[in-house]
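Student: If you want the building blocks of each chain, they are given just below.
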Amino acid sequence: MIMPQLALIPAFPLAAFAILILAGRHLGRWSAWLAIVALAAALGLTLTIWHAPFAGQPLIFQWTWLIGSQPWLLGLRVDGLSWIMLVVVTSIGSLIACYSTGYMHGDPRYSRFFAYFSLFCAAMLGLALADNLLLLFICWELMGLCSYLLISFWFEKPSAAAAGRKAFLTTRVGDVGLFAGILCLAWVPHGSLQFAALPVVAQQVATPTLTLISLLIFMGAVGKSAQFPLHVWLPDAMEGPTPVSALIHAATMVAAGVYLIARTFPLFTPASLHVVLTIGLITHVFAGTIALTMTDIKRVLAYSTLSQLGLMVVAMGIGAWPAAMFHLVTHAYFKALLFLAAGSVIHATHEQELSKLGGLARTMPITSTVFLIASLSMSGLVGLSGFWSKDAILLAARHYAPWLFWVLLGGAGMTTAYIARLYLRCFYGAAAPHHGHAPHESPAIMSLPLVALAVGAALVGWIGSPGFSPFFTLLGVHEAHGFDLPVAALSTLALAVGSTVAWIVGFRRRNLLPAFLRPAGLALYRLAAHKYYVDELYQRLLIHPVWALGGLLSTFDRVVVDGAVNGSGRVGAWASEVQAWIDREILDRCVNAIGTTTRGLGRVMRWIQTGMVQHYLLMAVIAVVVLAVTVR
Amino acid sequence: MLLTGLLLLPLIGLLVILALPKTAVTAIRSVALLATGAVLLLSILLLGAFRSEVAAMQFVAQLPWIPQLNVSYHVGIDGISLPMVLLTAILSFLACLGSFSIHERHKEYFALYLLLVIGMMGTFLALDLFLFYIFWELVLVPMYFLIGIWGGGRREYSAFKFFVYTLAGSLAMLLAILALYWHASPRTFDMVELARQGHAIPLALQRLLFLGFFLGFAVKVPVFPFHTWLPDAHVDAPTPGSVLLAGVLLKMGGYGFFRLAYPFCPDAAWEFRWVLAALGAINIVYGAFVALAQTDFKKLVAYSSVSHMGFVLLGLASFTPEGMQGALLQMFSHGLLTGGMFLLVGVLYDRTHTRELSAFGGLGARVPRYAGLLIFFSLGSLGLPGLSGFVAEFLTLVGAFQVPEIRWPTVLSLIGIVLAAAYMLKVIQLVLLGPLNKKWQALQDLTLREWLSLAPLVVLVLLIGIYPLGLLHVQEASLQQLIYHVTGR
Amino acid sequence: MAVRTLVLLAEALFCLGVYGLLTRRHAVGLLLSIELILNAAALNFVLFSRVFDQVAAQAFTLFIIALAACEAVVGLAIIIRLTRTAQTIYADEATVLKG
Amino acid sequence: MNTAAVPLAILSALVLVGALWVVTLHNLFRAALSLGLVFLGIAGLFICLGAEFLALVQLLIYVGAILVLIIFAIMLTNSWQRETLPASRQRLPAALAALALFALLARATWVLAWPAQIPGGATRLKDLGLVLVKTLVLPFEVISLIFVVVVVGAIAVAAPRKGQS
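Protein chains in written order, with the numbering used here: chain A, 2 to 633; chain B, 12 to 500; chain C, -5 to 93; chain D, 345 to 509.
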């Protein structure tokens, strides 16, 4: 079914961006409402077309963008997968936009914030709607730009400026991989960039090529979803305003990598899926351990995001892409909520160091409650959203390999541990002394979205729960998994263990390790607290060499290449010196002789040339006479 | 007739300026602006009247000039030259607006400026090699004086280097032109006729001819290792000079490949495509690396030009519709983007009299409009989708990637994309972000005139980035014909 | 005989004019000499008009008189100008043309 | 010698003497007056040749206008007060050249066969007028154009410039 009005969905926020960037200064606080209304309109439009994805009929709108030996089409497509993304983005987006009106209140670049915010939403919606890799890539890059602009939003802080640049460049490395993947995919025989054509392509193309293409595409996902080798930008991205962290760096953009894998899943071969699984697993475990040691609220949440994204990628790696998508959705809600609640804390106390926080449960009851709900949901308390999605992944893992199941179960325990540690130290214990006014609950415009998201974080998982699963229907998967009691029991056990450990070690500060293991434990702790020194490693191995190479080539350019030019110029000058000598000593003599003669003649002529008219006339008359006499 | 108008209008402006007294600065400026504005209008009319489905030359005008040598005044345009003509018209108008910040010797400046416009236009319009060469060389003279008189820094050195370097390249081209002339039967400078005879030239001679043309154009493009005049000339040229230098003069080199080197020596061009591709990749990566290390704003942008022009070479080497479209579009887009960048550098230099990147910092808070535009053009340069640079680079890479012989250079040049982001973000970070440097507390934001000279570029960059089809349709037929001419496919 | 005499008279007049043109140092003197030359020509025209019975020749005399008037006016204007700017009216003192 | 030759001879002598004075007299004012003598002589000759109209014009324009103009100019430039002009340094070569020129011309004139007598009769004014507006209409018009140019030019040349008194 062809529907041009699909273009309206991203067009609303895009229009809001255009208005805000051009005239935002004059709109004042109305700029926020413009962004919210635009997003709400996109949400409304998305909801009105619900029947098509459920009926399994995709809505399509295509147009020609480029021409060459073949026309290059861009297109929009709404099917179950993209519809889910649309709903997630627009619903969370509009709630976060409401929240931001309070959070960003009084900022000198208030309208600019909402401009970028709208552009991001437009790009994200475009990405979800894209029916081919080209448009997806375009939106992908635009999101990267918005991420950059929003991370560096408070650019007066050098750390924020540096973080934005780091984010952009790191993801760009991944993007080049994705770009190369697109290039390959476009020119393998029978290649096509249309998602709908990918299953056919996968059958036609040789497996090694396919592995290469899928790995290149996965590289893009690694960059955007901050998977292991390219994860370094995400924790730094917490320099941005907290609503941005919530929307872009937790709920939507970073999940786009997972969405990309889901979209291009037919291309992935077993070999490349192994790579995906490995990367995801490394990220999951490794980020989880770092999250245990971080002392900054937002950084804990950032590493938690990394870990959860790793979990989704693991699910992709074992082929359970519907489960991964399911976790993406539930994660979007509870992680956005966690960030917003953390933002509420930061807004109230102007503090994000765990050591300087505590006992906020009394002064900020709403924030405390929603934070608890989100934490429990993420930890997988039975009945809450996170439980259902994590359960689906655990089930799939058990089918894949038992060892993986146990590792993921450990990961689940770790998840509970770090989030419980965060919650307890933030909201319980002795209230930290505060400078100035006492912390207070955030205004209604901020707490209402919190409550709304809390409802989502608690209940949204039910759409994928066994027995009632419109979610999987939307994705066109009918092998609905049943409720597996042992798995549920084990995951609850992991939750209990994790939270107990967090209570004892993280909150009460008891060291449970036997004495002989303590040095090793401390070393491990240090390693994790320094993020395994990955940043430092990159600095040494990558960034310094690149800059050094730039400097080297620049010197080479100046000294060698330009030196060659100037050198040949100098040789030319020298040659002309020699020639000049010859000219001066030999040729000039001859020339001078001619010159002297001429000058002598000239002197004679000059005597004639008196400048007096009568003189000339006399000459003329004499000449006439002479001519008349001589010429017959 | 229309095309002759493109040449006559600036000429009339030039004569009027020469007749005006030195002191009538306003009148001189208005005449120059009117002349370039009229050229712009005329070229837009041309675009309207252009029939994009026709591959052959259009609006042809031919008058015998030196019949003894079979030289004629012969002008015409096709889908390859029309974008270049448009680019020249747009940039000369906007740079003329930007020239209002010139403070001394107005009469000479604007007279030379219009002479430069005539030269550039003529190069893109000429269909007679003799005429082409005259216009090609005509460009050098005013540019030499623009850099040498109104420039800064080591302007005499740079102007001289520019002049001699380019002239040396042109001599190689002149040799090739003369060889072509003597080889053609009947002897002619008619480019259309010479192109028709292209395949008839023996391959050995074609190689030599191609080498000659290559040297001439490689200096102009510029191709590594013939590029070192470019940073010096750019840095020391006055702002409008840099704009035209980067925006139009470099394109003359690329255009030369399309119009001369490829049609006249098609077999040699086909044979040497891997050389072009390799040099293109080197340009992209090398230029980007060197740009990364620069501390002078203008020099950085100059090296970014080296990098970006590499894409033109890469696209040219592909002989695929995508690649050629990309190369031509890259020339257009790079003209707009670099033109904008240089105008912005000039704005900053006018106010602060420094171009050291480290001397700035935190300007984003002080001059938000300027910051917005600088970010816009930087993003365009680093190839952000939605802006013109991306379309061009995408087409180029897609086109080049499908040719097995030049696949590895293409893959190599992907590094350039990351590096482009690195040096452009470096600029943004050093100039706009961070705490405000106290020295620039009273910096003034863009004035209306500066805003007017930049806004059209913004619109065009966006337009091409979002709807490139318009320009691609214009180019399509002629490029298809060229590809068919060279490859027979 | 009379015709030849008159032609000779005109020639003498012409040569006297040339002599004056070559020797007069005063600019007005030059002008006077030129008038002599013109009158010599006029005399010839009228004479030949009678001899060959051509009325047109007389018309040319008229033209000569008219041109003489013009020449006198312009010459005098130049002389006045010269006295004002060069402070000299002697033709051989105005040597701007000297190489 | 017939009677008709007498006035011719007198007039010729008048003209010659006047012309000689014009080019030799040191006093410019007197030279100008001698030029008047020449004009009168020429006018007389015109009458003898049957061109009465031209004689009238000659008197009116030359004597009445041009000569007066010249005398005015002499007076304006104060040249008449200087009694003697410094002699030109090229009088001798000039005289020789002029004589040579005359010899040349006279020789050429001498060898030609001229009609013995001047034909009689007078030119009808109507014929002259017709020639002017028919055959010679173009030069006639050109002359008028030249007049305009001369008037404008003379004013432009002689008018005092800005900054000069």
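Where hints are given, some of them may not hold.
[As the list claims (entries may be wrong)] Just some of the chain C residues that point at chain A, by a computed CB distance under 8 Å:
| no. | residue |
| --- | --- |
| 1 | Val12 |
| 2 | Leu15 |
| 3 | Leu16 |
The set of hints was computed from the structure by calculation and includes no laboratory data. Since the structure is predicted, the reported quantities are computational estimates derived from the model, not experimental observations. Note that CB positions come from ideal geometry on N, CA and C, so glycine has one too.
Student: Would you mind marking each hint as holding or not holding in the structure?
Tutor: Hint check results:
For valine 12 of chain C, the shortest C-beta to C-beta distance to chain A is roughly 6 Å, which falls under 8 Å, so the interface hint holds. Restraint check, leucine 15 of chain C versus chain A: the minimum CB separation of about 6 Å is within 8 Å; hint holds. The restraint placing leucine 16 of chain C at the interface with chain A holds, with a minimum CB-CB distance near 5 Å, inside the 8 Å limit.
In the structure shown, no violation is registered for any of the earlier numbered hints.
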